[in-house]
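Protein sequence lines, in the order shown, are assigned to chains A and B.
Per my numbering, the first sequence starts with residue 1, numbered consecutively.
Per my numbering, the second sequence starts with residue 1, numbered consecutively.
Rather than coming from a laboratory, the hints here were simulated on the basis of the structure.
A couple of the hints might just be wrong.
[What the hints assert, rightly or not] What follows is a list of derived Cβ distance ranges for each label pair:
1. V81(A) to A66(B): 28 to 34 Å
2. A123(A) to Q89(B): 45 to 51 Å
3. G102(A) to M1(B): 19 to 25 Å
4. C7(A) to T95(B): 39 to 45 Å
5. T95(B) to G89(A): 17 to 23 Å
6. R85(A) to D58(B): 40 to 46 Å
7. L73(A) to R100(B): 18 to 24 Å
8. G111(A) to A66(B): 24 to 30 Å
9. M1(A) to G87(B): 51 to 57 Å
10. T95(B) to L135(A): 40 to 46 Å
11. G61(A) to D58(B): 35 to 41 Å
[Said to hold, decoys possible] Where chain A lies over chain B, by a calculated footprint (3+ residues, C-beta under 8 Å):
12. 8-17
13. 30-43
14. 47-61
15. 64-76
16. 85-97
[Stated by the list, open to error] One-sided excerpt, in silico: chain B residues whose CB lies under 10 Å from chain A:
17. S2
18. L3
19. V22
20. S24
21. L82
A virtual CB, placed ideally from N, CA and C, is assigned to each residue, including glycine.
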Amino acid sequence: MTVALACVAALLVAAAVGVLRTRNLIYLAFGLFAILLAVAGSFALAGADFLAVTHVLVYVGGILVLLVFGILLSRSRELGVPSTRIRGGALALVSGLALAGGLAWVFNPLGVEPQLPTHAATAAPLGRQLLSTYLGAFEALSFLLLLALIGAAYLVRKPTPQR
Amino acid sequence: MSLYTVLVGCSLVLLAVGVTLVLSRTNAIAAYIGVELMLNGGLLSFVAQGLRHPGVLDGQVFVLVAVVVAAAEAAVALAIFLNFYKGRQSTDLDTATTLRDP
Chain A
1 MTVALACVAA LLVAAAVGVL RTRNLIYLAF GLFAILLAVA GSFALAGADF LAVTHVLVYV
61 GGILVLLVFG ILLSRSRELG VPSTRIRGGA LALVSGLALA GGLAWVFNPL GVEPQLPTHA
121 ATAAPLGRQL LSTYLGAFEA LSFLLLLALI GAAYLVRKPT PQR
Chain B
1 MSLYTVLVGC SLVLLAVGVT LVLSRTNAIA AYIGVELMLN GGLLSFVAQG LRHPGVLDGQ
61 VFVLVAVVVA AAEAAVALAI FLNFYKGRQS TDLDTATTLR DP
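Isolated chain A (complex conformation) (with noise of 0.2 Å):
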């Protein structure tokens, strides 16, 4: 359990710090593939064996794909390979990290006692919760996905030919 923590915390922190130094956008899409599945194995460790799986099907084989296609499509002509300046980063980093720092303040995670999660199977409670307790939110979500359909459908058509 331990050494599966140092593992995913390792994975998560070094592919933070290369996300941070690379421009090229590739890579950066690669960073966030490694911070992806340290993500869904904290799930796996914290219990949430469901929503582990989950991350790994929509972030990684929806979100990062889609991405990877949309840096592809959109390479800009005089830089070949596709990168990003980066700006301001010493002043974007230090107000992340004061952001990160007041926050870490308000949690106080040092101060809470540690607990074990159980490892019990989530997906049948968590499908009757999102069904009785949550189903104006469940509803709500399956709208939202026609209309985000439509909307990037209409938003990536061919102009009509005007006469």
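With chain A's structure known, arrange chain B on it following the hints.
What follows is chain B alone, placed relative to chain A:
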């Protein structure tokens, strides 16, 4: 260190990295990756806080809902980026000075 401490620490790292990317990268897709990292930090925080209340799965339901919203958002965001690229031949945010195609 307990599992809870490490998970909250990881979520804060993700938040810091995401904020840094959004504030300092001039490419729209790089900034979007920053947004995704911040979102993942939030999701991880939900699950970590759930550790303090064993048997309560509300945080995990919130994560499921947020993941679906993120998937919808990714589709629309990439469509917007491709439209943006069509008009300017680049996804650099510095060139985003008008709402319509230049």
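| query | How about L3(B): closest beta carbon in chain A under 10 Å, or not? | reply | Holds. Min distance 6 Å.
| request: Establish whether the coverage given for the segment 8-17 of chain B by chain A is satisfied; the threshold is a Cβ-Cβ distance below 8 Å, and no fewer than three residues must meet it. | output: Three-residue rule met by the segment 8-17 of chain B, so holds; n is 9.
| query | Are at least 3 residues of the segment 47-61 of chain B within less than 8 Å of chain A when you compare beta carbons? | reply | holds (count 11)
| request: So, L82(B) near chain A? Judge it on the closest CB pair being under 10 Å. | output: With a closest approach of 6 Å, the L82(B) hint holds.
| Coverage claim, chain A over the segment 64-76 of chain B, checked by counting residues with Cβ within 8 Å (three needed) | Per the Cβ count (12), the hint holds.
| query | Within the assertion that chain A covers the segment 30-43 of chain B, do at least three residues meet a Cβ-to-Cβ distance smaller than 8 Å? | reply | Coverage by chain A holds here, the residue count being 7 at a Cβ distance below 8 Å.
| Is it true that G111(A) and A66(B) lie within 24 to 30 Å of each other by Cβ? | 27 Å, holds
| field | Assessment of proposed distance window 18 to 24 Å (beta carbons of L73(A), R100(B)) | value | 21 Å, holds
| T95(B) paired with L135(A), Cβ distance criterion 40 to 46 Å | 45 Å, holds
| message | S2(B) was flagged as interface toward chain A. Is the shortest Cβ-Cβ separation under 10 Å? | response | Given a least distance of 3 Å, the restraint on S2(B) holds.
| field | Beta-carbon spacing of G61(A) to D58(B) - inside the hinted bounds 35 to 41 Å or not | value | For G61(A) and D58(B) the Cβ distance comes to about 26 Å; the hint is violated.
| A66(B) and V81(A) - C-beta distance against the hinted 28 to 34 Å | 33 Å, holds
Figure legend: structure checked against the earlier numbered hints; the only hint not met is number 11.
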